[in-house]
Amino acid sequence: MTNSHQPILYDKLIRLTHVYLGPAADRFISRQIQNHLNKEPRDLTREDLLQLIDWIRVTVSLLTDDNEVVEEYIAQVRNLAMAQDEGN
Amino acid sequence: MAKRTSEVLSSEKRAEANAIFNSIGDGAIATDEFGRITRVNPVALKLLQYTESELLGEWFPKIVVAMELNGKVLNLIDRPITRAFLTGQPVAAKLFYRRKDGQPLPVSINVSPILLNGKPLGAIELFRDITVEEEIDRMKSEFISLASHQLRTPLSAIKTYSHMLVDGYMGKITPTQKKALHTIISATNRMNELISTLLNITRIESGSIAATPKVLKVDRVVEEVLKELALMAADKSIATSLKVSGKGSTSIKTDNLILKEILTNLISNGIKYTPEGGRIDVTVKPRLADVLISITDTGWGIPKDVQNQIFSKFFRAHNIVRRETTGTGLGLYLVRGLIDILGGRIWFKSAEQAGTTFTFVLPRNKVFDETKESKAGLGAIKG
Chain A
3 MTNSHQPILY DKLIRLTHVY LGPAADRFIS RQIQNHLNKE PRDLTREDLL
53 QLIDWIRVTV SLLTDDNEVV EEYIAQVRNL AMAQDEGN
Chain B
532 MAKRTSEVLS SEKRAEANAI FNSIGDGAIA TDEFGRITRV NPVALKLLQY
582 TESELLGEWF PKIVVAMELN GKVLNLIDRP ITRAFLTGQP VAAKLFYRRK
632 DGQPLPVSIN VSPILLNGKP LGAIELFRDI TVEEEIDRMK SEFISLASHQ
682 LRTPLSAIKT YSHMLVDGYM GKITPTQKKA LHTIISATNR MNELISTLLN
732 ITRIESGSIA ATPKVLKVDR VVEEVLKELA LMAADKSIAT SLKVSGKGST
782 SIKTDNLILK EILTNLISNG IKYTPEGGRI DVTVKPRLAD VLISITDTGW
832 GIPKDVQNQI FSKFFRAHNI VRRETTGTGL GLYLVRGLID ILGGRIWFKS
882 AEQAGTTFTF VLPRNKVFDE TKESKAGLGA IKG
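Residue numbers (the working numbering), protein chains in the order written: chain A, 3 to 90; chain B, 532 to 914.
Extracted from the complex, chain A is given alone in its bound form (with noise of 0.2 Å):
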C-alpha cells in the first residue's frame, strides 16, 4: 500500500528527469505512460518502469548526442524500477 506520505514512483520518476530534461519532464514522461501502457501517469508501476526503459532510452536518444548522459539517465530510470524499498 502507498504511503501518503511517501512520494510515488511517478513521482519520483519526475524528479529523476527533472534533472536532466528540466520543466520538460512532466510532459516526456506523462506522454510516455499515456501512450505506450496506456494508463494514468500516477498509476506507474515498478513493472511499467520496466516495460518502458526502452521507449524512454530512444527518446532521450533524439534529445542529446550525448551517449554518456543517455547511460547515465537510463541507469538510474533502471535502479528506480529495480529498487525494493518503497512506494509502488
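Source of the hints: derived by calculation from the structure; they are not laboratory data.
Hints are supplied without guarantee of correctness; some may be wrong.
[As the list claims (entries may be wrong)] Restricting the straight-line Cα-Cα distance to at most 25 Å, the calculated cross-link-like pairs of lysine-lysine (DSS-like) are:
#, chain 1, residue 1, chain 2, residue 2
1, B, Lys844, B, Lys625
2, B, Lys671, B, Lys603
3, B, Lys631, B, Lys593
4, A, Lys14, B, Lys778
5, B, Lys748, B, Lys784
6, B, Lys650, A, Lys41
7, B, Lys778, A, Lys41
8, B, Lys784, B, Lys835
9, B, Lys803, B, Lys880
10, B, Lys803, B, Lys758
11, B, Lys631, B, Lys577
12, B, Lys631, B, Lys650
13, B, Lys603, B, Lys593
14, A, Lys41, B, Lys880
15, B, Lys709, A, Lys41
16, B, Lys710, B, Lys767
17, B, Lys791, B, Lys844
18, B, Lys593, A, Lys41
19, B, Lys778, B, Lys816
20, B, Lys745, B, Lys767
21, A, Lys14, B, Lys816
[Stated by the list, open to error] Reference listing, derived: stretches of chain B covered by chain A, where coverage requires no fewer than 3 residues with Cβ under 8 Å from a Cβ of chain A:
#, segment
22, 561 to 571
23, 609 to 618
Bear in mind that the values here come from a model prediction, so they are computed numbers and not experimental data.
We treat Cβ as the ideally placed atom computed from N, Cα and C, and that holds for glycine.
Following the hints, position chain B against chain A.
For chain B alone, coordinates are given in the frame of chain A:
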C-alpha cells in the same frame, strides 16, 4: 556448403532490401536507437544536398535541422521523430529542413518507429519536397486574407445602416420591416465571424500570430467567455457551469485574447451541437506545470468513424451536417492551431447521443521557457 548457401541468400536479401530502400521515390532516412543515421536514400541526399558519407553515422537531429513553418528551430521534443517515439505511433507533419547550403526546404514527413518484437530499434522517416504546394497554399491564404479584408468594409456599412434603421433614425418602420432588419443584422454578424475565423486561420498558417503572454487566471477568462455566451445558451435553455477542481493556482502566463478565442470556439460549439435543455460544464484543474481545462457537453457527440478527422480543415461530422447547416468546419482546426501557439495540446472523448468532452492543457509558462535550468540542457538543444 549449407552455411555458404545461407550466406549467399542472406547477402542477396540485404542487396534486395538496399535496392528497395534506394528506389523509394521520397527522401528516406533510417536511424538506429541512438538517433544516428544508418541509411539514407539518393532522393534524401538530393533534397538535403549532402553526400552519403556526410550523413551516415551522424546524429539525425543535429545534422538535419528542423524548423517550424515560421522559421523558428523546432524544439527537439516536438520533432516528429521524437513524437513517434513518445507515442509509439507513426507521425505525419509539415515543417522545414535546413539544407546543407543553409536554405530551408519545406517538407511533408511521415516517420515511424522500427519495432522488433515490440522493442524499438530506431526509426524510418520518409519526406518529400512540398515547395510547390506551399507556394500555392501561400497564394491561397493571401487571397483569402485580401478578400476577407475587402468583405469587411461593405459589411460594416450594411450593419451600421441596418442598426440605424432598426433604431428609427431614418423614420418609422413596420414590425415586418424590423424583423427583416434583425435577420440582416444577424446574417452580417455571422458573416463577420466567418471572416474573423478565415483571417485567423491565414494568420496561423503564415505564422504571423504572435502571442503576447501575461499572467492571468484561467477561471476568470472562462467566466468572461461564459458571460458573453450566456444569451446564446439561454436561447436553447442550456445550463452552463464552471468548476475549479483541486488545489493550486489557476494563474498561467499566456495570451489572453488567444485563450478567449479558444474558449469561445469550444464553448459555442458545445452550445451549437447540444440539443435544447442540455448542459455545458467547464472544469479548470490546476496542475504542477500546467492548467487543464475541460468543456463537457451533453450534445449529439462525434461519430467514432470520423473522430480522427475532427481537427481537419473544413471537416464537419455527418451527424452534425444533418442538424446544423451553418457551420464551416473551421472552428476546431483554428482551436488546435491557437493551442499550438500557446504551447498546449488538446484531445477529446466523445460518444454519440451522450456528449463530448474537449480537454486542453496550457503550460504555466510558454514552451520555449521549458528548458531553463536543466543539467544537460537536453530540452534546450535546438535541432
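Against the structure, the hints:
no.: 1; hint: Lys844/B to Lys625/B; result: holds, 15 Å
no.: 2; hint: Lys671/B to Lys603/B; result: holds, 23 Å
no.: 3; hint: Lys631/B to Lys593/B; result: holds, 12 Å
no.: 4; hint: Lys14/A to Lys778/B; result: holds, 21 Å
no.: 5; hint: Lys748/B to Lys784/B; result: holds, 9 Å
no.: 6; hint: Lys650/B to Lys41/A; result: holds, 19 Å
no.: 7; hint: Lys778/B to Lys41/A; result: holds, 23 Å
no.: 8; hint: Lys784/B to Lys835/B; result: violated, 35 Å
no.: 9; hint: Lys803/B to Lys880/B; result: holds, 18 Å
no.: 10; hint: Lys803/B to Lys758/B; result: holds, 16 Å
no.: 11; hint: Lys631/B to Lys577/B; result: holds, 10 Å
no.: 12; hint: Lys631/B to Lys650/B; result: violated, 33 Å
no.: 13; hint: Lys603/B to Lys593/B; result: holds, 15 Å
no.: 14; hint: Lys41/A to Lys880/B; result: holds, 15 Å
no.: 15; hint: Lys709/B to Lys41/A; result: violated, 58 Å
no.: 16; hint: Lys710/B to Lys767/B; result: holds, 20 Å
no.: 17; hint: Lys791/B to Lys844/B; result: holds, 21 Å
no.: 18; hint: Lys593/B to Lys41/A; result: violated, 33 Å
no.: 19; hint: Lys778/B to Lys816/B; result: holds, 8 Å
no.: 20; hint: Lys745/B to Lys767/B; result: violated, 35 Å
no.: 21; hint: Lys14/A to Lys816/B; result: holds, 22 Å
no.: 22; hint: 561 to 571; result: holds (count 3)
no.: 23; hint: 609 to 618; result: holds (count 6)
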